[in-house]
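Protein chains: 2
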Amino acid sequence: MASGGGGGDDDVQVKNKQVILKDYVSGFPKESDFYINTNGTTKLKVPEGIIGVVVKNLYLSCDPYMRNRMKKAVAGSYIDSFKPGSPISGYGVAKVLDSRHPDFKKGDLVWGRTGWEEYSLLTNLVTLNKVLHTDVPPTYYMGILGMPGLTAYAGFYELCSPMKGEYVFISAASGAVGQLVGQFAKLLGCYVVGSAGSKEKVDLLKNKFRFNEAFNYKEEPDLDAALKRYFPEGIDIYFDNVGGKMLDAVLLNMRVHGRIAVCGMISQYNLHNPEGVHNLMHLISKRIHMEGFLVFDYYHLYPKFVEQVLSYIAEGKIVYVEDIAEGLENCPAALIGLFTGRNVGKQIVLVARE
Amino acid sequence: MASGGGGGDDDVQVKNKQVILKDYVSGFPKESDFYINTNGTTKLKVPEGIIGVVVKNLYLSCDPYMRNRMKKAVAGSYIDSFKPGSPISGYGVAKVLDSRHPDFKKGDLVWGRTGWEEYSLLTNLVTLNKVLHTDVPPTYYMGILGMPGLTAYAGFYELCSPMKGEYVFISAASGAVGQLVGQFAKLLGCYVVGSAGSKEKVDLLKNKFRFNEAFNYKEEPDLDAALKRYFPEGIDIYFDNVGGKMLDAVLLNMRVHGRIAVCGMISQYNLHNPEGVHNLMHLISKRIHMEGFLVFDYYHLYPKFVEQVLSYIAEGKIVYVEDIAEGLENCPAALIGLFTGRNVGKQIVLVARE
Numbered sequence: 000m001a002s003g004g005g006g007g008d009d010d011v012q013v014k015n016k017q018v019i020l021k022d023y024v025s026g027f028p029k030e031s032d033f034y035i036n037t038n039g040t041t042k043l044k045v046p047e048g049i050i051g052v053v054v055k056n057l058y059l060s061c062d063p064y065m066r067n068r069m070k071k072a073v074a075g076s077y078i079d080s081f082k083p084g085s086p087i088s089g090y091g092v093a094k095v096l097d098s099r100h101p102d103f104k105k106g107d108l109v110w111g112r113t114g115w116e117e118y119s120l121l122t123n124l125v126t127l128n129k130v131l132h133t134d135v136p137p138t139y140y141m142g143i144l145g146m147p148g149l150t151a152y153a154g155f156y157e158l159c160s161p162m163k164g165e166y167v168f169i170s171a172a173s174g175a176v177g178q179l180v181g182q183f184a185k186l187l188g189c190y191v192v193g194s195a196g197s198k199e200k201v202d203l204l205k206n207k208f209r210f211n212e213a214f215n216y217k218e219e220p221d222l223d224a225a226l227k228r229y230f231p232e233g234i235d236i237y238f239d240n241v242g243g244k245m246l247d248a249v250l251l252n253m254r255v256h257g258r259i260a261v262c263g264m265i266s267q268y269n270l271h272n273p274e275g276v277h278n279l280m281h282l283i284s285k286r287i288h289m290e291g292f293l294v295f296d297y298y299h300l301y302p303k304f305v306e307q308v309l310s311y312i313a314e315g316k317i318v319y320v321e322d323i324a325e326g327l328e329n330c331p332a333a334l335i336g337l338f339t340g341r342n343v344g345k346q347i348v349l350v351a352r353e
Numbered sequence: 000m001a002s003g004g005g006g007g008d009d010d011v012q013v014k015n016k017q018v019i020l021k022d023y024v025s026g027f028p029k030e031s032d033f034y035i036n037t038n039g040t041t042k043l044k045v046p047e048g049i050i051g052v053v054v055k056n057l058y059l060s061c062d063p064y065m066r067n068r069m070k071k072a073v074a075g076s077y078i079d080s081f082k083p084g085s086p087i088s089g090y091g092v093a094k095v096l097d098s099r100h101p102d103f104k105k106g107d108l109v110w111g112r113t114g115w116e117e118y119s120l121l122t123n124l125v126t127l128n129k130v131l132h133t134d135v136p137p138t139y140y141m142g143i144l145g146m147p148g149l150t151a152y153a154g155f156y157e158l159c160s161p162m163k164g165e166y167v168f169i170s171a172a173s174g175a176v177g178q179l180v181g182q183f184a185k186l187l188g189c190y191v192v193g194s195a196g197s198k199e200k201v202d203l204l205k206n207k208f209r210f211n212e213a214f215n216y217k218e219e220p221d222l223d224a225a226l227k228r229y230f231p232e233g234i235d236i237y238f239d240n241v242g243g244k245m246l247d248a249v250l251l252n253m254r255v256h257g258r259i260a261v262c263g264m265i266s267q268y269n270l271h272n273p274e275g276v277h278n279l280m281h282l283i284s285k286r287i288h289m290e291g292f293l294v295f296d297y298y299h300l301y302p303k304f305v306e307q308v309l310s311y312i313a314e315g316k317i318v319y320v321e322d323i324a325e326g327l328e329n330c331p332a333a334l335i336g337l338f339t340g341r342n343v344g345k346q347i348v349l350v351a352r353e
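Top to bottom, those sequences are chains R and U. First residue of the first sequence? That's 0 in numbering that gives the first Met the number 0, and the numbers climb one at a time after it. First residue of the second sequence? That's 0 in numbering that gives the first Met the number 0, and the numbers climb one at a time after it.
In short, the hints are calculated from the structure, not lab data. By construction, the Cβ of each residue, glycine as well, lies at the ideal position given by its N, Cα and C atoms. Any given hint could be a false lead.
[What the hints assert, rightly or not] Label pairs and their computed distance ranges (CB to CB): (1) R:83 <-> U:307: 49 to 59 Å; (2) U:25 <-> R:164: 36 to 46 Å; (3) R:82 <-> U:157: 36 to 46 Å; (4) R:221 <-> U:46: 17 to 27 Å; (5) R:197 <-> U:272: 25 to 35 Å; (6) R:275 <-> U:31: 25 to 35 Å.
[Said to hold, decoys possible] Straight-line Cα separation of at most 25 Å, DSS-like style, residue types lysine-lysine; simulated pairs: (7) U:227 <-> R:70; (8) R:42 <-> R:55; (9) U:55 <-> U:16; (10) R:55 <-> R:14; (11) U:205 <-> U:227; (12) R:227 <-> U:205; (13) R:129 <-> R:303; (14) R:71 <-> U:227; (15) U:44 <-> U:55; (16) U:303 <-> U:316; (17) R:244 <-> U:244; (18) U:129 <-> U:94; (19) R:227 <-> U:70.
So here's chain R without its partners, still in its complex pose:
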């Protein structure tokens, strides 16, 4: 049963600013790879015969995986490319303006995949969910309660088989995923060290997220030496968000039966030729379990995850830091900033207040 929707005298045309990808990107993405289309218009009603919703986008989420969608998809890619000339898409929080879908009604606050534009007509609603918990900021549904949160949860608990007292290292540790992995590990009684790319982030890791130690990798000419300083006994668990040189240095410092969860390799996404990793022989001598993963395989854990994280939030055991830019026109800069580490915490763009 469609609730509301269709026809009526508010079937008006409104302006609809959009963030458009000009063409497939190779190398480091630039702001000029996008443009803001200010000439678009849209209707705020779901057209008759279509099952879907029209939403007003309130917040949009910037996530590293989106880099992959900026290039032409290769056969067997796990995700579609953005379409040059069209608005890009990603996770967001939005308000339903009109619905021809039984699960949603006008006024609902929802989260899931939406377009990078002011208003979106959404017809593939598989990823769309109502915002159920209004005692937390709605932006949490793009971070701690959304895809990055479940990524941290699944990657840490399912892949790393963590145990109390183990030595845990996290790269890009103040990011949307890393900050949660570190806090999960601390709550379990692990010794936790994170790396990040600025003094501000290192302070955040130590003071806000209560990591045992943290360091600025940009100030460490010898990553192996840095890791040996913080892990004289070696590393049991490495939660890898960066790949490349850091992964190579970590391999030298893993303990026997260590585990490496490969969540991301952000240091490599923009390189034409990914760096070589030279120390894989340590996988054998240390009997290391290294596993890549995608959050898409773990959505069955979502209810359990949300329950646990909400109770951690309620008990004040976990905090979450967001970096909120303002205005749709600032979306490209915010997205690109992920790859230079400009964001401090989970990057979000506020598009509209209500």
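Following the hints, complete the assembly by docking chain U onto the known chain R.
Coordinates of chain U only, in the frame set by chain R:
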């Protein structure tokens, strides 16, 4: 209770040729890194007060892991280095000449760790076992029924979670371990392709071990293209014995939820700077489980393994190819030949017939 041993009139001194490591080796090992000491002597009795056995070495085993023992051990290494100036050691089959240990008596045929010399006084008997099954060649205890066999068994069944119909690729596939992994996979109903370094070995893989396909990697300028030819649908399981460029090409061809058991990286053992592996990002998009292992962690499976393999042998379901050199003085050449692929099948040296 010591059985036999001690004193008596056959307490004579005999000549004892030995294979001595001159010094730690860097780069490719050469025959000249060893010398044959022809001046040594030994007594054929276990000295009073010592718990051990004196054995006559019949066969010695050449195994790739021994390369690691030729260099100076680094902290945390899983295995001791050979001692320059002393005879090297490894797996072998030997006859007990004298015993002061309750588990062994004169005349027993045994297998386990021994010295590269004609006669050895063995006092650490943890790895020493009696040859129980005399309906198979005793050399099998250094191969199909020994360390390489258990390596193949544990690596394939425990790490790869293989299923009927899956696509399996094995590098160094005609070697001591690879030939068994391929036959295990075939028995399970997998599609099996192996790579090796000569036409003779490729023929062996196809005709003797009944792999579905095999190719000579030395004749493939583009390993990625070769793998795409044999695995148009991609690879579910890669049993890696070589590392380096082949691993890099395999990563491009893995299927979603693929598994890589890292057993060895023989292409890298002799390099001062191991090659870089560039395609690890595929671990994420394909959600690949990659795990290094050492057979030492799986000796609890030995009884089950032997039972299964003996029945496969008895039923003619599995064959094993050995490459047997003759004479202790040919040990260095046989050992070094592993790193240039000179051996065809499991490399063994016959030291004495009885």
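For each hint, the structure was consulted:
no., hint, in the structure
1, R:83 <-> U:307: 49 to 59 Å, "holds, 56 Å"
2, U:25 <-> R:164: 36 to 46 Å, "holds, 38 Å"
3, R:82 <-> U:157: 36 to 46 Å, "holds, 45 Å"
4, R:221 <-> U:46: 17 to 27 Å, "violated, 51 Å"
5, R:197 <-> U:272: 25 to 35 Å, "holds, 32 Å"
6, R:275 <-> U:31: 25 to 35 Å, "holds, 32 Å"
7, U:227 <-> R:70, "holds, 23 Å"
8, R:42 <-> R:55, "holds, 11 Å"
9, U:55 <-> U:16, "holds, 12 Å"
10, R:55 <-> R:14, "holds, 12 Å"
11, U:205 <-> U:227, "holds, 19 Å"
12, R:227 <-> U:205, "violated, 48 Å"
13, R:129 <-> R:303, "holds, 17 Å"
14, R:71 <-> U:227, "holds, 21 Å"
15, U:44 <-> U:55, "holds, 11 Å"
16, U:303 <-> U:316, "holds, 17 Å"
17, R:244 <-> U:244, "holds, 19 Å"
18, U:129 <-> U:94, "holds, 10 Å"
19, R:227 <-> U:70, "holds, 23 Å"
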